[in-house]
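If you follow the hints, you should be able to join the two separate chains into one complex; please do so.
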Amino acid sequence: MAFLRGGRILLVDLTTRQVSTRPTADYADAYLGGRAVDARLVYDLVGVDAEPLGPDNVIVFGTGPLTGTPFPGSSRLDIMARSPVTGLLGNANVGGDWAAELKFAGYDHVVLTGRASSPVHLCIHNDVVELRDSAALRGMTTSQTPAAIRAELDNPEVKVLCIGPAGENQVTYATVHCSVGNAAARTGMGAVLGSKNVKALAVRGTRGVPIAAPEPFLEACIAAHEHLRAKDDYPEAHTEGVTRGEYAFVLSGSEAGGDGHAGVDFDPSGLTDFAAFWRRYGYKRTGCMGCPVHCMENLSVPGLGGAVMSCELYPQLSWEVRNDDMLLWYEMTRACQELGIDSTSIAIALQWLMELHAAGLLDPDLTDGTPMAWGDPDAIRGMLSRTVDREGFGDALAQGMRAAADYLDARIPAERRGQRSTYELALQVNNNPMYGISPRLMSMALAYSVGRRSDLIQELDIPQINIVAAPAYPRTTSEDREQMIEHETARVVALTGEPGAADPDVVDGKAEIVHDMGLATGISDIAGSCKWHTKWFLDLEPEHYADALTAGLGREVTLPELQEASLRMRNVERAFECRHGRRRANDTIPRKEFGKPISRGTAAGKYGVTETQLEQLKDEYYALRGWDRATGVPTRETLVASGLGDIAADLARLGILPESSVTGDAGAH
Amino acid sequence: MPAYSVIAVDPQKCTGCRICELACSVHNYGEVNPVRARIFVVRDETGGLISTIPVVCRQCEDALCERLCPARALERDTTTGAVVVVEERCLGCRTCVVVCPFGAPAVDPQVGVAQKCDLCGGEPTCVRVCPNQALVLVPAEEESIRRRRSEIERYVAALREEPAPSAGPPVATARPHGTAGAQGKD
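Protein chains in written order, with this note's numbering: chain Z, 1 to 669; chain D, 1 to 186.
Calculated directly from the structure, the hints in this document are not laboratory data.
Glycine included, C-beta positions come from ideal geometry on N, C-alpha and C.
Just to be clear, a hint being listed does not mean it is correct.
[As the list claims (entries may be wrong)] Selected chain Z positions facing chain D (Cβ under 10 Å, derived; list incomplete):
1) 103
2) 206
3) 208
4) 210
5) 414
[Unchecked claim] Every beta carbon over 10 Å from chain Z, so not counted as near; a handful from chain D, in silico:
6) 79
7) 144
8) 155
Pulled out of the complex, with its shape left as it was, chain D reads as follows (with noise of 0.2 Å):
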């Protein structure tokens, strides 16, 4: 099997800034828009206590969409890895929409076909931009060891009381605590 790369998702350090978002739509469609950006950053303020999880295609090695795609509109970019829309073949019929577990793919609302992320050609856009290195290119392979040393980084500076190490994240030491009196006086 060739060494892909992936694009890895860290939602412990995004902060919600969208700017993935805004620059994929941008560089992909010419247009500020992000319901047609292939990443998309779900939020939840639930208690004032913000989460945000970046979602982007996995590109799976045995990819759902790809293998359901009636019209096998769907293929593997032997070059990058990325599972990647053929435009022509497609038929807007959102079976990859239903199939995949994430919610990555969508049609998109003005050209009826489906979009996805393609890794931007192996450069993803996304990635450039991110301030936080919350989404970084990867080989394939070392996705789980890098994330593996990036959770036991966080856990040995929590046991050293000392703000997390990497530059980006603005994660602090401390934990989140119970939100059972989140909604304070409400």
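Same shape as in the complex, but just chain Z (with noise of 0.2 Å):
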């Protein structure tokens, strides 16, 4: 029996209209579930030659074999396909009750390949598997869409995935939504189903998930949840969100401290604090299926209705576009989820686009006639809607940071632009627009250098961003300050041995921190459950993973096992990177960031990396990783290592690793 799993991998060919299944356990036993199994069957699927918004894509969702179970914030979906934003590892994960259903359909993972001839939805009903016809669903949003679907099946339990008209549109920052607030935002998954003519995946699952050992694992789900309940960060968490924590990182310069972010000149006063703002319009809190936190706030604004904000989402359409009015700032946030857009990619889009117009680069008639001032409200208002209807400049803004700096060079005389590029005003990683997070915090700059989708989040130093946020936070004592800062550099320092690992001006350390974090996501990634759970915030500690897969697998699950697995998954990961041209060359921040301070807030004037440091801590990331120092490349001793010879032997083949030699240093293996 396939404990802790709906047993079975989806596939569906979109052109042919062929559904078929195979055993999860093909790939479950090497790769264990969520993210790796997603990681594997993409490298398998799509080809070194499939454009990410061609038919030959192919679009994965995962779940763990913890997802849909009690374990602590057990809701999450991995989607994972080529991206249409770096032509890489396109990546995204998902709370929400979509992902359990999935499982309690009889279901893992669901592969969709190919291209529908017209727009269908995908309708999963335990064995019953269906394409419907969606054009009474075009142009829906991503909350009118879930609706309609269950008034058409009418059945009201219908869980549903969906995109929105940017991802019609194949907008290249289009999100898939899981019910209201929940994106799987990065790196235009929403895109590629657009591509591929489906609209949304509706399921209805009763068919539930075994367990080998139902007593002892539920409780090691109650273990895991009463750790987290006593962790002391946990009752903010649970009653606020990450809001206080969120408006520290801004207010420190750690967040929006860049010179086209927030910006010296900026007055940000009326913006307020995220929580006065969560307390003023809360309607409750909320967060995703099996999750205790409720990380979320579900937020009601008269005259502008309800919607879900959370975490990173408060500083984007505010501080990075200098919009100082939060009403507006909800509208916006608000509109990007029902439009079904990522909200980073735009605010940072807008905000690349006002930095030029600034430098007096973009006149007017470049973008429709509207003036891209800095907070204009007609300026977000307007480009936002003529980037998901794809009118005008907004075609070409749709199209990602890269496309739309072609379009601008081509229009802007070389010797205005100073012969050089409006791309390199671009805060992007392999035309990923950046998270608000400063690059200029040394391993902040090299998680967004090695991520696994060209950005940070999965590796993100936790403990560096509040250290340096520490003096910003509101409504703390000094002591309590002092406390964080005690806290976070003992962990960074028991972890690395380094002393000085907690220090932003230290390069030593910092590679193991982001190496670390990065494995200890991965291992949340797999299971199934949201990271927000590990040691990224909330410590849970692997051996709760373990125990609970462990009772939950009838097998015994080690810690050793789970981090080889986290290692083996990213060298899926990169490998697949590599194939598609990924090198060290790409990993790397945008050069206009090196050698400069953060520019605002209580840390402005301080920190900053530069390109000879980040370099450095490439070096030792690559040998923690085992990647060829020279390339980036895992290397053949390391992709054996991790099990993925035949890995090896595809790059080999493809020229990308030497026939047989020994290069680099073997790293962690």
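Structure representation (structure tokens):
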């Protein structure tokens, strides 16, 4: 019996409308589940020539063994495909209730290949799988679509994953939504679905998921819950999410702290403490299925309606674009959710245009007659709308920052640009718009550079950002601030053995912190639970995962096994990226960020990372991961040690690895 | 009458995480399967406002399911006060499903007999796992008293414009606004 599994991988060929299944065990025996199985499926199924928005791309939806169980935060769905934003690995992770329902229907993963000849939605009810005509759903928002599908199927319990108009229009920043407020937002997974003519995936499952040792499993889950609830950070996370922490990040300048970001001359007096906004407009706290934390705020603003906000949504369409009106922020962020577009990406893209405008490079006629002035409501509203609808300059922006820069470079004389491309001002990694967290902190620069999808979130150095933000925390005594700094310092010194590991100006230890965070969050992505509960934030120990998996799967799952699985997953992902051209040179941040301090906030004038420092950090990180120092490609020894000899042979066949040689150091293996 | 306890439900404290459903099905059936759980969280997201209400057997004093069951398959557990199913007598006729005002019982799709909350023999698993105290086990005669107190605490908190005092419920002092504009630009 496939304990903790739906048991099957559902394969749907959209071109031929053929549906088949294969046992999950084919992949899960070696890769355990979740993002790791997704990665191997994508490696196996997405050819080198598959265009991100072409029929040969493959999009995979994956759950983990703990998804849908009472283990804390086990709601997660991992979505993977070749990204239309980066051309490399596309990957986004989302909570809500869809992933669990998929397992209850008897499936662990869904693989969509080909392209439907007309818009469809995939409907799964246990063993019944059908593609239904989506003509009536055309143009519907991410909240209208689920309601319409539930009505069509006459079943209010159906769970729906869908795209909005942005996805239908293949805007590269399009998201995939799961119930209100949950978005698989990054790297354009919504555009990939749109390119396949798939509006939604609806699922109802009543088969259930078997457990090898139910009572020990339940006790292991409850032990994890009790561990979470006992954490110092839990009560606040439970009652106000990270509204206070997020605000502290911004006030410190560790978020929105670049030149283009909120900027030194921005008067933010209209922007309240995010926690105050929650207290004023809060309807109720909410969260994903199976999660006790409720990190999200369900807000209700008169005249603007209800929406769910959380975390880094707050500083994007406010601070990042120098918009000092929180109600405009709410309206625009809610619009992004309804239209199905990533508010991080669009905020950073808008910020770039506004910076170009402020530099005198962007005449209004280039942006459809609207001056892209900092914080201008018409500029924000208009460009968002035209990007989603692909009108005017919005059509160029919808194709990504690189395409938009090419468009502008062709129209702005080179001498006006100082012979430089407008792209140089774009805050992006491999064309992926960056989060607001500043790359001017060393470990952040490294995390952005080596992250699995060209961003930092998975390997975010949380202790570092807390240390830098500590002086800015609202409603905090100086003793508490000292305690926070001491606590976070102790964590990283214990991990690395480097006394200066917590110091933002010290290189030593940073690579290991980033490496270790990636390992830990990787385990939760494999298990199908939320990275928030790892040392990323609320500190579940890897043993909690091992204990629950052991009782649930009915075989001993050890900590080394989980760590190996996490490393193996990254090696598959990295090999996929190398096959699509990623090398060491791609692992970097925009050049304009080097050698500059944080521009504003309590950390103004401090820190900064040089290119030399980043290159040294990459050397160390590659060594820890067993990736070749010169190329950044996982070495043959690393791949073989990860049980990926076939991938090593594939890379050798393509000339990416030498036929047989020993290069680099084997690092962690 | 013996002093029984019941599961008191406070929908305002429920955030819809459904851990109760998941743990209930693991405890009672050894599998994760919300359709077999004996507690069910009803969810509504109209207008972007999330409302969730846990539905579980009220263990009625005069239980229609018990009174109307043609097979006399429902009876009162004299220790816990729960109305329990005697599975060997149950016909799976769904009379209990039809007569229950709350939709609490169900005929299990796999075993074909009625299933309902039996208070886990006096220590309900759902109460144990609820992270918000939206489900608490209280003496039956105290339920209304506690309910009045919790309502008045919210009222007092609102008057003082402070967050609600209890530890669990992430319920803000702001009241839900009219939902007339809730659909916004849609």
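Quick rundown of the hints versus the structure:
no.: 1; hint: 103; verdict: 8 Å, holds
no.: 2; hint: 206; verdict: 4 Å, holds
no.: 3; hint: 208; verdict: 3 Å, holds
no.: 4; hint: 210; verdict: 5 Å, holds
no.: 5; hint: 414; verdict: 40 Å, violated
no.: 6; hint: 79; verdict: 21 Å, holds
no.: 7; hint: 144; verdict: 24 Å, holds
no.: 8; hint: 155; verdict: 17 Å, holds
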